[in-house]
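I would like the entire structure built from these sequences, with the hints used as guidance.
FYI, the numbering for the sequence shown is 1 to 252, going by this note's numbering.
Just to be clear, a hint being listed does not mean it is correct.
Restraint ranges, calculated between C-beta atoms of paired labels, are given here [stated by the list, open to error]:
no., residue 1, residue 2, range
1, 14, 104, 44 to 50 angstroms
2, 52, 175, 34 to 40 angstroms
3, 55, 93, 24 to 30 angstroms
4, 67, 108, 18 to 24 angstroms
5, 54, 102, 37 to 43 angstroms
6, 99, 7, 41 to 47 angstroms
7, 203, 104, 29 to 35 angstroms
8, 235, 130, 20 to 26 angstroms
9, 108, 203, 31 to 37 angstroms
10, 100, 8, 46 to 52 angstroms
11, 252, 108, 32 to 38 angstroms
12, 105, 14, 42 to 48 angstroms
Pairs of lysine to aspartate or glutamate residues, derived as DMTMM-like cross-links and limited to a Cα-Cα distance of at most 20 angstroms, are as follows [as the list claims (entries may be wrong)]:
no., residue 1, residue 2
13, 243, 106
14, 57, 78
15, 57, 75
16, 194, 151
17, 243, 171
18, 243, 226
19, 174, 78
20, 194, 75
Derived from the structure by calculation, the hints contain no laboratory data.
By construction, the Cβ of each residue, glycine as well, lies at the ideal position given by its N, Cα and C atoms.
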Amino acid sequence: MDLVEPSQDFAQLPGVAIVIGGSGGIGAACVRRLAAGGARVVATYRSTAPTDLGDTKLARLDITDAAAAADLFGEIAERHGGIHTVVHAAGPHVPMRYLSTVSPAEFAAQVDADLVGFYNIAHAAVPHLRASSGSLTVVSSAGTKRYPVRDGLSAAPKCGVEGLARGIAAEEGKYGVRVNSVGPGMLHDGMSAKLQASGDLDQRALDVATANIPMRRYGYATDIAEAVAFLASPRANFISGQKLDVDGGYGI
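This is the structure we're talking about:
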């Protein structure tokens, strides 16, 4: 999908941008968009290192390991002269299931991966973002505004993620730190593609989803990356504590 040539919003910022979950569809799109905007980028991955991100520096990280996250942020800041941007785009595949079929243990594991994992990253990032008056942007879900049936295992923890993002924005604004979230709707790539491939979204479900989108089409990971790049950039320097859904109007 052709986009307008990115402006060099990040070219003059000292230090680097970190994309957590840079091996996923949305995360990789964010890496490419930030790099196109002049940022030096470090991308993390959990198990398999991406091979299609050009000269981007890579680092392995399990976001459920708080100590490892803190150590990695410290190493990156020292090596690259600081951290000006953090994008949290990590997230495991979440099957679409009725909540009545989800055990408490399964739900707790999802909360640990989504909400506690994000807290681990935010906790590690904040001291460095204070130093740079930087920004933290988390990729959440459009499903927290208009609930899609069978999406509770994803939407409920992400409601917590968005609440946490607002809380950090409220507390850290006095240090110049901005925190925002972006909510992807149905996409041709990213998690939606995995749900289609796994059979969680059959053609009937896809038809219903399309009918619920005023634009009558799906988006792309690049659409999410554009929103992330804007909120992370100096162009949004008076925007904090906000959530921007990129969903073709689904939440209307």
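Against the structure, the hints come out as follows:
1. 14 <-> 104: 44 to 50 angstroms: 46 angstroms, holds
2. 52 <-> 175: 34 to 40 angstroms: Given range 34 to 40 angstroms: holds, Cβ gap about 36 angstroms.
3. 55 <-> 93: 24 to 30 angstroms: 28 angstroms, holds
4. 67 <-> 108: 18 to 24 angstroms: 21 angstroms, holds
5. 54 <-> 102: 37 to 43 angstroms: Since residue 54 and residue 102 have Cβ atoms about 39 angstroms apart, the given range 37 to 43 angstroms holds.
6. 99 <-> 7: 41 to 47 angstroms: 43 angstroms Cβ-Cβ, so the 41 to 47 angstroms window holds.
7. 203 <-> 104: 29 to 35 angstroms: The hinted range 29 to 35 angstroms holds for residue 203 and residue 104, with Cβ atoms some 33 angstroms apart.
8. 235 <-> 130: 20 to 26 angstroms: Holds: the Cβ-Cβ distance is about 21 angstroms, inside 20 to 26 angstroms.
9. 108 <-> 203: 31 to 37 angstroms: 33 angstroms, holds
10. 100 <-> 8: 46 to 52 angstroms: Once the Cβ atoms are compared, 51 angstroms apart, the range 46 to 52 angstroms for residue 8 and residue 100 holds.
11. 252 <-> 108: 32 to 38 angstroms: Once the Cβ atoms are compared, 33 angstroms apart, the range 32 to 38 angstroms for residue 108 and residue 252 holds.
12. 105 <-> 14: 42 to 48 angstroms: About 45 angstroms separates the Cβ atoms of residue 105 and residue 14, which means 42 to 48 angstroms holds.
13. 243 <-> 106: 27 angstroms, violated
14. 57 <-> 78: It holds: about 15 angstroms lies between the C-alpha atoms, which stays within 20 angstroms.
15. 57 <-> 75: 13 angstroms, holds
16. 194 <-> 151: Answer holds: residue 194 to residue 151 is near 14 angstroms, not above 20 angstroms.
17. 243 <-> 171: 17 angstroms, holds
18. 243 <-> 226: 14 angstroms, holds
19. 174 <-> 78: 24 angstroms, violated
20. 194 <-> 75: 33 angstroms, violated
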